[in-house]
Amino acid sequence: MRSNSLYIPQPTARPGDNPGFDHLAIPAVGETRRPEIFDSESQMRDMPFGLVRVLDEEGQAVGPWQIDVDPEQLRAGLKAMVKTRLFEDRMFRSHRQGKTSFYIRSTGEEAIGAAQSLVLGKADMCFPTYRMLAWLMARDYPMLDLVNQIFSNRDDPLKGRQLPTLYSARDYGFYSLSGNVGSRIGHGVGWAMASAYRGLSDISIGHIGEGTSAEGDFDEALTFASVYKAPAILCVTNNQWAISSFAGIAGGEHTTFAARGTGHGLPGLRVDANDFLALWSATSWAAERARQGYGATLLELFTYRVAAHSTSDDPTKYRPKEEAGAWPLGDPIARLKQHLIRIGEWDEERHAAMEADFDKEVRQAVKQGEAVGTLGKSKPPVSEMFEGVFEKPDWRVLEQRREMGL
Amino acid sequence: MRSNSLYIPQPTARPGDNPGFDHLAIPAVGETRRPEIFDSESQMRDMPFGLVRVLDEEGQAVGPWQIDVDPEQLRAGLKAMVKTRLFEDRMFRSHRQGKTSFYIRSTGEEAIGAAQSLVLGKADMCFPTYRMLAWLMARDYPMLDLVNQIFSNRDDPLKGRQLPTLYSARDYGFYSLSGNVGSRIGHGVGWAMASAYRGLSDISIGHIGEGTSAEGDFDEALTFASVYKAPAILCVTNNQWAISSFAGIAGGEHTTFAARGTGHGLPGLRVDANDFLALWSATSWAAERARQGYGATLLELFTYRVAAHSTSDDPTKYRPKEEAGAWPLGDPIARLKQHLIRIGEWDEERHAAMEADFDKEVRQAVKQGEAVGTLGKSKPPVSEMFEGVFEKPDWRVLEQRREMGL
Amino acid sequence: MVQALNSALDTLLTNDPDTLIYGEDVGYFGGVFRVTAGLQEKHGLARCFDAPISEGGIAATAIGMAAHGLRPIIEIQFADYILPAFDQLVSEAARLRYRSNDEFTAPLTVRSPYGGGIFGGQTHSQSPEAIFAHITGLKTVIPSTPYDAKGLLIAAVEENDPVIFLEPKRLYNGPFDGRHEEQVKSWAGHPAAEVPEGHYTVPLGKAATVREGGDVTILAYGTMVHVALAAIEESGLDAELLDLRSIVPLDIDAIVESVKKTGRCLIVHEASRFGGFGGELSALVQERCFYHLEAPVARVCGWDTPYPHAFEWDYFPGPARIVAALRKVMEDIDGEL
Amino acid sequence: MVQALNSALDTLLTNDPDTLIYGEDVGYFGGVFRVTAGLQEKHGLARCFDAPISEGGIAATAIGMAAHGLRPIIEIQFADYILPAFDQLVSEAARLRYRSNDEFTAPLTVRSPYGGGIFGGQTHSQSPEAIFAHITGLKTVIPSTPYDAKGLLIAAVEENDPVIFLEPKRLYNGPFDGRHEEQVKSWAGHPAAEVPEGHYTVPLGKAATVREGGDVTILAYGTMVHVALAAIEESGLDAELLDLRSIVPLDIDAIVESVKKTGRCLIVHEASRFGGFGGELSALVQERCFYHLEAPVARVCGWDTPYPHAFEWDYFPGPARIVAALRKVMEDIDGEL
Ligand SMILES: Cc1ncc(C[n+]2csc(CCOP(=O)(O)OP(=O)(O)O)c2C)c(N)n1
Ligand SMILES: Cc1ncc(C[n+]2csc(CCOP(=O)(O)OP(=O)(O)O)c2C)c(N)n1
Ligand SMILES: [Mg+2]
Ligand SMILES: [Mg+2]
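Residue numbers (our numbering), protein chains in the order written: chain Y, 1 to 406; chain F, 1 to 406; chain G, 1 to 337; chain E, 1 to 337.
Note that these hints are calculated values from the structure, not bench results. One thing to keep in mind: the hints can contain errors.
So the derived list for chain Y, only partly shown, Cβ under 8 Å to chain F, looks like this [said to hold, decoys possible]:
1. 199
2. 251
3. 260
Computed Cβ-Cβ distance ranges for the label pairs, DEER-style [said to hold, decoys possible]:
4. Y:121 to F:312: 21 to 31 Å
5. Y:402 to E:102: 18 to 28 Å
6. E:233 to Y:367: 42 to 52 Å
Small disclaimer: the values here were computed from a predicted structure and weren't measured. All residues carry an ideal CB built from backbone N, CA and C; glycine is no exception.
With these hints in hand, go ahead and build the complete structure from the sequences.
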């Protein structure tokens with residue numbers, strides 16, 4: 001008879017402890033090979049345990065995953081990331097000022113949305129998590145629309161029906177978000193199946209957090225993606241933390257999240273997601289694979305959630321304050337900036353000027369949004385509450401609307 | 001632009017075609033290695049693509065998975081299998097005679113329940129599928145109770161509340177079955193967690209069909225088993241068919257079902273489930289691993305569903321009649337019998353006598369059950385309909401019972 | 001009814017390349033109840049195909065397809081097995097239009113055999129309509145005849161919102177009036193068994209007056225329409241019988257009009273009584289017809305137990321229980337429990 | 001109420017080694033609403049621990065543990081996220097005892113913050129009690145005060161059947177009467193905020209008479225109890241207010257007795273109206289009190305729309321709507337729509 005021996009995983013450090021990531025075996029830059037896109041999954045079973053990296057410590061692009069990217073595109077990516085960070089920090093403060101009910105930041109993870117938004121085409125569709133604002137920024141989604149949505153004011157493009165940050169932007173290839181996690185990854189697979197069914201070459205890309213990968217929805221999506229060879233990319237964003245629970249509570253103590261592909265016959269790549277070029281390269285690889293009919297790929301986007309989970313969260317309660325600083329793979333903005341400077345396509349002055357520009361842009365958008373109104377001070381017409389339940393309202397909604405005198 | 005190119009998997013043979021299993025790469029007997037139970041999953045990533053086999057074509061036990069089993073136990077297994085087959089064939093005919101509403105056979109898969117029931121201890125709990133009658137037979141569950149349950153008659157141990165064959169037999173280590181597939185595999189993991197929580201050395205073993213492995217429940221169970229190192233064995237019975245859909249519709253075209261373990265950090269073994277000794281050996285290995293605190297194992301039990309899916313099904317509609325005969329791994333009863341004879345522990349005469357005995361036993365149980373009554377001719381008191389909704393009935397059930405005059 | 005549904009699907013696949021069908025065993029085999037028989041062969045592999053046993057995955061992918069612009073028709077093999085897809089249908093399909101301000105919509109149809117009467121035991125017999133009716137953003141349809149089944153199914157698929165289409169499996173091969181001891185009837189000869197070829201629709205939200213009468217109004221849907229009709233005959237009463245056909249949208253006008261005329265109302269459904277859709281119907285009727293009611297609105301439903309295999313006919317609200325309830329509803333006073 | 005729930009859990013963990021708690025973020029962190037704060041530290045890692053984000057897996061493993069003989073208490077972070085576990089709770093937890101003839105039972109408790117009023121938007125505000133109330137084999141409890149919360153939670157965990165325990169999150173840190181413009185109140189000073197140390201229970205199935213009155217009966221639970229009380233005061237009517245506390249089992253005797261006394265009844269709940277639990281209550285009241293009713297049983301509920309973020313206070317059935325409904329219920333005739 002064993003004594004009580006139910007094993008409960010524990011992170012390596014809690015508040016007060018020294019943070020450390022020595023337990024993560026991180027392959028060196030250039031170490032992980034680049035298979036051919038037409039290789040079968042059975043020829044790639046080592047990949048889930050590698051790590052696609054391109055930028056080395058000096059900001060040089062090296063190794064088998066190095067590819068040529070137009071510097072204009074790299075600058076576009078850098079801008080999207082910087083814009084995202086500035087905007088999010090500003091919105092976080094707006095929340096503290098009571099101007100919105102909720103905000104959620106993607107600090108440290110901006111490269112994901114930025115790179116993938118630029119790699120993929122206008123007709124491809126992203127099924128995002130709530131940390132994918134950089135996707136919209138990279139496609140120049142109007143900042144004022146974001147602000148109005150976040151303030152739930154009269155001009156909210158979602159008519160006050162949805163929690164702040166849960167955008168929907170079809171024309172920008174950005175699928176409707178919702179507060180429940182995990183349940184849209186299968187929609188992305190269905191979208192890709194529809195694309196194949198219709199003979200289109202468009203693909204979909206879907207995201208899920210490493211914590212949320214424990215939902216059955218995730219494996220169901222992988223199964224359908226595999227069975228029907230859906231032209232899709234599925235991504236697990238492993239930022240090491242769910243809310244207060246570390247990746248080990250999602251199964252991350254014993255294997256990688258990319259390895260989930262193996263059980264479904266889908267190639268699984270791990271990607272340094274703080275490395276803009278690695279993201280670019282791996283996403284292009286998977287997109288090409290999907291477009292050419294070789295089916296879906298699973299990407300584990302390896303990163304760290306620097307900010308609090310959301311405005312409802314205080315991470316100092318469950319992890320060392322210094323943990324973000326100890327993340328061994330750096331900051332995505334700093335790294336891409338370093339690279340661009342190194343290849344002579346960027347400099348500190350231009351960077352400072354860009355930051356100043358965006359700062360102004362953000363301020364102005366917030367000001368305009370505030371002029372329309374902030375939470376509780378302005379909202380869309382109440383009749384909007386009754387619209388969109390169905391295409392055409394039925395008697396229940398009509399009667400209730402009348403009861404409210406609308 | 002591709003033309004319509006949604007890929008739909010197709011089996012190699014449909015009715016009228018020549019059956020064939022050449023597409024299945026089946027490793028030779030003795031080829032697949034036997035890791036140590038304390039090895040970590042990362043040391044076993046080849047295992048999901050091997051096949052644990054012990055009995056060769058001549059009925060010899062060979063290779064690294066060969067272990068010594070008391071011939072008495074082997075004979076017990078053989079008996080359980082033969083008894084199961086005879087009983088099921090008889091019940092199938094009872095259904096045709098209208099004596100029961102439903103029956104489901106495990107023909108060709110009897111070794112699974114028989115071997116695992118004998119390997120595991122009385123305090124271990126099985127979370128079975130509906131094709132695990134051999135488990136009960138191996139533990140001498142009273143045949144008359146089976147018949148009464150199947151006939152839904154007055155003496156039905158489940159009081160007429162459950163569909164035939166959906167037994168519950170706690171004292172025999174057999175968890176309550178239900179008609180919905182897949183949803184009890186996580187109960188097995190919870191049971192194992194409870195066992196660890198209480199400091200007991202008991203383990204659980206849970207089963208799911210390869211078709212049903214597409215339910216999110218399955219991966220959720222694997223996640224919990226992995227995260228908390230539950231002392232559990234999880235089995236995917238891959239009998240090549242769901243109802244009319246082949247294993248490829250569940251993702252089996254591109255990988256093995258054992259490989260699902262890899263993404264959860266759980267060792268995955270494939271086992272020839274028509275080989276009683278391979279089952280014995282692999283189940284013992286996994287059980288020992290669980291009991292010693294090394295966590296859960298995933299077993300893919302590789303077999304073929306010889307019979308119709310259930311009495312509601314006609315397999316000649318969707319697969320070649322001759323397919324079962326072409327199964328390359330033989331029949332589990334014939335193979336164990338051959339082995340026992342080969343090692344001098346059995347002979348044709350004893351076999352024939354045993355069959356005759358069981359035939360009599362089955363006949364007698366059926367006769368007794370028929371005397372109590374068959375479907376619609378006899379049933380438990382109608383008041384049983386109102387019992388067991390809760391521990392104590394509430395007013396709704398009491399009133400309704402009264403309304404029926406009971 | 002199986003042929004009528006098959007004809008509806010055939011018509012849809014023929015007319016609209018954006019429709020496609022998938023679900024467990026619906027492809028080569030044609031479905032465990034044969035509703036999709038022949039459709040794969042006729043329309044091609046990708047128009048009607050087998051799905052993994054993953055109701056959640058089936059629903060999720062269908063939502064994605066529908067958002068893309070297709071009109072997927074998915075089959076859930078038994079309504080009891082919709083539950084693994086419940087979150088997808090409620091949190092996603094039902095809410096997509098609203099939350100995205102019409103940017104994305106989910107015009108999908110979920111077909112599922114439903115209800116009891118075939119000795120299917122607990123998990124092949126349940127009637128979960130009430131839990132769908134409560135969900136804002138979902139429509140729920142339940143036909144009772146072959147003619148309606150085809151017309152309603154085509155209308156459901158042509159809706160631009162998600163529809164749960166529950167097919168009373170006991171009616172697949174013939175009408176069933178609850179007299180289970182009697183020989184099974186086929187649809188042949190039934191007035192509503194004549195099903196036109198090609199395209200026609202029966203609109204959602206319109207009840208059918210199956211029988212006019214002045215004594216009492218019976219509200220029913222699915223199998224219970226036939227059972228209620230038998231009970232009316234047995235009772236000798238001049239009852240009016242409404243077949244609701246869809247419970248969302250609900251034909252409230254027809255209900256109110258009838259009850260105001262008769263002054264009495266009985267609701268019947270197979271599902272368990274407590275918290276069932278009958279509660280909503282009863283509430284609506286008394287809210288809107290209170291001063292016309294001469295007796296309490298009554299309900300005859302399945303008992304508040306799980307669906308019990310051997311006691312199927314004790315649980316099932318058959319003609320005898322309906323007749324008894326009708327008699328009670330006709331008593332003027334003392335009907336109160 | 002948070003402290004009361006925490007105290008209940010602490011008491012349970014202290015008294016019974018077979019109880020354990022798990023759920024998303026409940027371990028080290030103590031839960032996003034702090035209900036489990038300190039319990040892991042006090043009782044040990046394996047007594048209160050974090051779970052993967054998999055509501056289905058949490059429910060499934062809890063059923064297995066409960067079958068083994070433990071009394072797991074699981075937290076689903078928001079009631080909106082129970083749906084992925086719905087199949088487990090309905091097809092498994094609720095039916096295990098029945099189908100196995102008592103061989104296996106599922107004495108587990110599902111705790112979940114529920115309801116609106118915190119600007120949580122569509123997926124942090126819903127009230128799904130109706131879909132549980134319809135399920136045979138499940139009990140559903142909804143406390144409205146700290147005292148009840150502790151006593152009911154202990155009673156729920158000690159039940160030998162599965163219980164859905166819905167915690168009105170707007171009441172976590174103070175009573176809330178629906179007057180959202182006013183300053184947030186704390187529980188301090190509220191008569192039912194005094195929570196005894198240690199073990200006590202409030203039995204399931206017993207309504208509380210929050211206020212006696214002769215004019216009209218109001219049936220409510222959770223947050224709406226406080227809102228209804230405010231509305232009664234505002235209306236100046238002598239209304240009787242019943243806090244149902246558990247909707248399954250339902251205290252039908254208390255309801256019938258009160259309505260027979262007052263002759264009028266108003267039901268209030270936050271959930272959308274159509275198919276909500278109010279329908280069942282309304283049906284039961286008119287079935288059992290028909291000849292005592294002087295006006296139709298009325299309902300004030302959330303509208304039949306998804307929970308709309310910016311329109312929270314337009315959707316929420318606040319005091320003004322309840323007062324208006326009360327006035328209407330008090331009119332003798334012409335109340336009919
Ligand atoms: C179905 C569901 N369950 C639980 C939650 C509560 N919740 C919101 S975010 C979150 C953590 C998600 O972690 P992860 O998937 O790692 O994503 P990350 O926040 O790290 O990007 C949880 C538990 C939810 N929103 N939906
Ligand atoms: C949740 C659920 N979905 C669908 C079904 C219908 N169904 C019953 S058995 C079966 C096939 C199962 O195939 P598999 O898992 O391979 O098991 P096998 O019958 O081959 O042993 C299906 C689809 C069900 N019973 N439950
Ligand atoms: Mg995360
Ligand atoms: Mg199978």
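Results of checking the hints against the structure:
1. Restraint check, residue 199 (chain Y) versus chain F: the minimum CB separation of about 5 Å is within 8 Å; hint holds.
2. Proximity of residue 251 (chain Y) to chain F holds as hinted, the smallest CB-CB distance being about 5 Å (cut-off 8 Å).
3. Satisfaction of the interface hint for residue 260 (chain Y) is found here, the shortest Cβ-Cβ separation to chain F being roughly 3 Å, below the 8 Å cut-off.
4. Separated by about 48 Å at the C-beta atoms, residue 121 (chain Y) and residue 312 (chain F) break the suggested range of 21 to 31 Å.
5. At roughly 52 Å, the beta-carbon separation of residue 402 (chain Y) and residue 102 (chain E) lies outside the given 18 to 28 Å, and the hint is violated.
6. About 43 Å separates the C-beta atoms of residue 233 (chain E) and residue 367 (chain Y), a value consistent with the hinted range of 42 to 52 Å.
Against the hints set out earlier in the document, violations occur for numbers 4, 5.
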